[in-house]
Structure formats: C-alpha cells, structure tokens
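Residue numbers (our numbering): 1 to 400.
Calculated directly from the structure, the hints in this document are not laboratory data. Incorrect hints may appear among the rest.
Said to hold, decoys possible - The following label-pair restraints were derived from C-beta to C-beta distances:
1) T196 <-> L259: 45 to 51 angstroms
2) L40 <-> Y97: 39 to 45 angstroms
3) V86 <-> G272: 21 to 27 angstroms
4) R141 <-> I43: 24 to 30 angstroms
5) D84 <-> F321: 29 to 35 angstroms
6) V39 <-> L266: 49 to 55 angstroms
7) I116 <-> G38: 34 to 40 angstroms
8) R149 <-> L26: 20 to 26 angstroms
9) L266 <-> L76: 43 to 49 angstroms
10) I116 <-> K10: 44 to 50 angstroms
11) H338 <-> N101: 46 to 52 angstroms
12) L19 <-> V86: 21 to 27 angstroms
13) G50 <-> L79: 20 to 26 angstroms
14) F3 <-> G327: 55 to 61 angstroms
Glycine included, every Cβ here is placed at the ideal spot set by N, Cα and C.
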Amino acid sequence: QVFGGRLSEKAGGKWPLGLSILLASLLTLVTPVAADIGVLAIIFLRLVMGLVHGICLPTAFAMFALWAPLEERSTLISLCVMGDHVGTILSMPLAGYLCENGFSGGWPSVYYILGILGCVWFIFWTCLAYSTPSDHPRISRRELEYIGRGNIQMNIDQKLPIPWQDIMSSLPVWTLTFCIFTSSWGFTTLLTKLPTYLEVVLHIPIQKNGLVNSLIYVCACITLFITGYASDYLRSKKHYSATKVRKSFQLFGMMGPALCMALIPLMGCNKGMVILLLTAAMGFQGFAGGGYMSITADMAPHHSATLFGIVNGIGCTAGIFSPMVAGLLLEEAHSSIHQWSIVFYISAGLYVVGGIAFLLFASAERQPWAYVPVTNDFSNTKYIKIKQDLENSRKYGTLS
C-alpha cells in the first residue's frame, strides 16, 4: 500500500490503479487452474493477489486529492468505497447461485465471470480515466477551476519530498492507524466469520446466507453515502471545524458497532434480532464515510496517498490477526454460542478503545509537516510551509 501510494503520487494514478485491477482480474481467471495444481499454487496466487490489491486504495486516494473538490471530497470518497461494498453485495448471492448452477462444475464459473468483468472494466478505465484534471482532453476551464477551488494544485512532474520522520512521529497519524486497526478488526471478523455464524449458529442455509450478507452490506452502502454527504455539508457551513466533524462521525462509526456486537450474544438463536444487530453494526460502520476515510486528505493533501498507504497498510494487519484469533477460539466446527460470544466481545472492546483514542487525539487539520506546492494554473509552483493557526492547538482535544 505504501508503494502504491508513492507510485501514484509520482507517476499519476491512472495506470497503477488500472493495471492492478487488470492483474487481479487475470489472477482471478486462473484461480481454478491453480486449484487443480495444488494448495501451494493457491497460496502463491492469493499472496500475489494481495500485493496487487494493495495498490488500489492508496492510488484512488491520490487521484481524489487532485480530482475531488474540497466541498465534495467525503461524498466522492464514500461513493468509491461504496463500490467495494456493492461488489460484495452482488457477488455473494451470485457466487451462491453459480456454485450450484454454474458451468465448469459450479464454483469455477464464479472466478471466470468475475475475472472477465474486471478485464472489461479495464477497457473502459483506459478510455475514460485521467490522472489529473489538467490531463483530461475534454474538461472545460470552468470545471477545471471548480475542481481546483479550495484545493492546492500540483503537477505530477514535481517530486515532493516525503517527511518520513515527521509522519512516523506524529500522534494524529498513529491515532488514525490505531483507529483503522480496531475498526478493521471488527469489520474483518464480520466479513470472514459471518457466513459461518449464520450457517452454524443460526442454521441459515447457504443459499439464503448470501442474501443475508448482501442485506447487511446494503445498509453500510446507504450510511456511507449519507454520512459522506452530511460531513461535506457541515463543513461547507463553516460552523464546525474539520476535526470536530470527523470526530463526530467516527465516534458513531466506532461506538455503534461496539454496542451491536456486544448485544449479539445476548440474543441467542433469535434470527431476527441477530440479523438486525448485524445490519445495524455494518450501518454504523458506514459512518466512517464522514470520519476517518477522508482524513488523510485533510491532514496532508499532497501526501495523502502515501499517508493513507502507511496508516491503512498497518491498520489492516488486523485482517491477518482477527481471523487467526477467531479460529483459535472457534476450534470446533460447531462451536458453542459462548465461544462465539468471546469473538464478538473482543471486537466490541477494540471498537470502544479505538473510538476513545480517535476522540482524544485525532486531528483533521493540515499538519505542520505538510509541505505543499501552491499554484493557480498548474505551473509556476513554489513550496510553502503551512502555518498553523493558534486555534489548532486545540486539535488534540475532545469535541467539547
């Protein structure tokens, strides 16, 4: 992720993002072949797939730093992340159907169809996408000025030095990293263990399992868009600082899932209540659209891709440890509700700790180490150091 972010800041985001999706799609296409070869082939393929996917999100954030108008940034980033959830919503029931009714023996058809769709997407991407607004051959000057309003523009040709030491010693950066780690822990727990929980504990058949999963992610999509738009609206009114807006939304995005996951074990095998709480948990998770998702662009607009690669790369290591811990706690195929309760309580506790840390120490103000170029016409650029207003000394405080 760090490599992808830095690459996109230097070379532009179009080709790193496009080629990463193309390569991931090709790897998806050959997955059934790797399965025939053996376990080691699958492990190697998934390893390469993870490396390729790591480039995508930081690259997208690099493009948003140049393409997204300041007053629409959270909305557009939320729409981007929604695409990830929409893919999950559509692929889960599709995979369930193809496993039983697809060609080539069922399950291989899932990989063939999704791989082909990714390759088709790449064709459209190469024709329609451009790394910066100034590269677009059909953009009007009015639109170019609108995109640049409130943003500090930069040429890709410029090689901005990354203040690595300042970044790695920044309290807001490590607070954001910890928040992403704790949030990713709960999200990964739901993503990897929810199908098993629905089938083993609630006895929901695999055919309906995908539909329930899709319903849960639909709720996340709705809240992602609403909170992204709402945070942009609040910031446009100038009544609240960026830090207060981000903290407010992220507090709901952490405490909401914590409460829901803590209540799930108390519901026992009540399918309706458990599904309602799972749906609410994912819905609250979507409040990150107005919370931490846009904060790297606030903190360091022209280092946002590299910064996002660092914090998200470290934070998402929760995706490694969360399934391992859950697997140790759920040793048996038919683990008891008590064992599942421990899994949910761990996630809830981490949500709470991460939310408190974000409330106390996070900041959405441009950081003192964020050197940026200033230009009005994509040329004649000079470096300035952003001077912090004295009021920003309160940026480490709480909402009050």
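Evaluation of the provided hints:
Restraint check, T196 to L259: a C-beta distance of roughly 23 angstroms breaks the suggested window 45 to 51 angstroms. Checked against the hint of 39 to 45 angstroms, the pair L40 and Y97 fails, with Cβ atoms roughly 30 angstroms apart. Between V86 and G272 the C-beta distance comes to about 25 angstroms, which sits within the given range of 21 to 27 angstroms. Take R141 and I43: their Cβ atoms lie about 52 angstroms apart, and the range 24 to 30 angstroms is violated.
D84 and F321 have their C-beta atoms about 21 angstroms apart, which leaves the hinted 29 to 35 angstroms range violated. Between V39 and L266 the C-beta distance comes to about 39 angstroms, which lies outside the given range of 49 to 55 angstroms. As the Cβ distance of I116 to G38 is approximately 25 angstroms, the hint placing it in 34 to 40 angstroms is violated. With their beta carbons about 40 angstroms apart, R149 and L26 fall outside the hinted range of 20 to 26 angstroms.
L266 and L76 have their C-beta atoms about 39 angstroms apart, which leaves the hinted 43 to 49 angstroms range violated. Between I116 and K10 the Cβ separation comes to about 32 angstroms, which falls outside the hinted range of 44 to 50 angstroms. Taking 46 to 52 angstroms as the suggested C-beta distance range, the pair H338 and N101 does not conform, at roughly 38 angstroms. Separated by about 22 angstroms at the C-beta atoms, L19 and V86 satisfy the suggested range of 21 to 27 angstroms.
Checked against the hint of 20 to 26 angstroms, the pair G50 and L79 passes, with Cβ atoms roughly 25 angstroms apart. At roughly 29 angstroms, the beta-carbon separation of F3 and G327 lies outside the given 55 to 61 angstroms, and the hint is violated.
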